[in-house]
Amino acid sequence: MPVVLVPGVLRAEAGGESRLRVDADGSLAAVLDEIGRRWPRLERRIRDEQGVLRRYVNVYVDGEDCRRSAGLDTPVPPTAEIQVLPSVAGG
Amino acid sequence: MTTLLAIGTQKGLFLATSDDDRRTWQVSSAHFAGTSVYAVAFDTRRPGGPPRILAGVDNSHFGPSVAISDDLGGSWQEPDTAPLAFPAGAGAAVERVWQIAPAGPAEPDVVYAGTQPSALFRSTDGGRTYALVQSLWDHPHRPQWEGGYGGQAIHTILPHPDDPQRVLVAMSTGGVYRTSDGGASWSPSNTGVKAYFLPDPWPEFGQCVHKVARDQADPERCYLQNHHGVYRSGDGGGTWESIAATLPSDFGFAIVSHPRRPGVLWSFPLTADSERHPVDLRCRVFRSTDAGETWQPQEKGLPTDPYYPVVLRDAMTTDDGEPAGVYFGTRSGDVFATRDEGETWSAVAAHLPDVLCVRAVQS
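Chains A and B supply the protein sequences, listed in that same order.
Counting from 1, one number per residue, gives the positions in the first sequence under this note's numbering.
Counting from 1001, one number per residue, gives the positions in the second sequence under this note's numbering.
If you're looking for bench data, these hints aren't it; they were derived computationally from the structure.
These numbers were taken from a predicted model, which means no experiment stands behind them.
One or more of the hints may lead you astray.
Derived coverage of chain B by chain A (criterion: at least 3 residues anywhere in the stretch with Cβ under 8 Å from a Cβ of chain A; other residues may be distant) [said to hold, decoys possible]:
1) 1052 to 1063
2) 1081 to 1090
Restraint ranges, calculated between C-beta atoms of paired labels, are given here [claimed, not checked]:
3) B:Phe1197 <-> A:Gly15: 33 to 43 Å
4) A:Gly71 <-> B:Glu1343: 54 to 64 Å
5) A:Gly26 <-> B:Pro1164: 46 to 56 Å
6) A:Leu85 <-> B:Pro1108: 41 to 51 Å
7) A:Arg21 <-> B:Glu1107: 23 to 33 Å
Just so it is clear, CB atoms sit at the ideal spot from N, CA and C, and this is done for glycine as well.
Let the sequences and hints guide you as you build the complete structure.
The following block contains the structure:
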């Protein structure tokens, strides 16, 4: 079962949890869909309503930036560790 | 009597309160610290409780939302699912909430919201959740609405106070659109408003309207601050005529009307599109008491040093007090107030983040 690491700034949207075990794998989209079912307020901070990854949110699958891989189609094996990190942006 | 002033900034929402008829103010720490609050509204239509505060909260990383508070900011609620969202297949996502506007007293649970990209949303549960007004989104003009520097957004929503079928919205760019059939259809309403930046300076639509205010005593009269040009309508926004003749400049963003007295309004003129600072670098508000025929500067108590910051489109407002209070905030984080309709001014706050919007209410 993949594990999703939640950044501190978003933990309030995940019941205070820093690590979520998600009962979905295969692709990053499938994992985020399951997050949307269980923690909808977390998922909508990561993707917009059209399912697009928000511009200043980075998601790493086993250390690889999904944008440098296949985006939301990035393969997610059952043992994957998925890290959500806000990018360096702002003023 | 407590006066509550909501100050939306680039990095949070501040709530200022005054318990001595607006002489002194206590300013809260930031709610939603670090997020941009482009829209805030007080909903005073619910009997028996404090006004509901509705805040459009825009997190630069994690997207937009709308939060509400029924205890004057003591706690905030928002739904699990996005309160505003385009339907699947719309080809757009909400980028920012620019305006939140409770409807008239006949529709006590209806709240409108205007977004970037230019879209109108309507809530029927007091502003908790919203649905896209599809008729305006499907308007055949929409592909020709363009974005300005601030983005392309519906930033003004004026429900008619007496007729729920009538709503006026304004967007940059695009201009004014109105419905008189409850939102079933929308028509551009920019006759007389100039778009100097287009080959045809008098188009049916495409104007860069910065703000529209409705005269609170005469709802058929409206005032419009354009991207160069200040106008008045006497027919509910159907046609417009210039009222800029005695202003020092026809450029600016904010325009507000008196809560009760007809023909009384305020603006904060800026030099020009290419020189966005107060005219002559003087921090001055201009008031008209004759519906814009003539304007008089008001500056007693305002800074006297050369003043560069601008007042953005929603960063000026009035309260419902007697005499009326007027408030404005600047991009340098100054907030000023008057409790005598502009005769004298004093500081409410300084050194806040850029002020994006202000709203005030007495309770």
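Going through the hints against the structure:
no.	hint	in the structure
1	1052 to 1063	holds (count 5)
2	1081 to 1090	holds (count 6)
3	B:Phe1197 <-> A:Gly15: 33 to 43 Å	51 Å, violated
4	A:Gly71 <-> B:Glu1343: 54 to 64 Å	60 Å, holds
5	A:Gly26 <-> B:Pro1164: 46 to 56 Å	49 Å, holds
6	A:Leu85 <-> B:Pro1108: 41 to 51 Å	43 Å, holds
7	A:Arg21 <-> B:Glu1107: 23 to 33 Å	46 Å, violated
Consistency with the previously given hints fails for numbers 3 and 7, ordered from lowest to highest.
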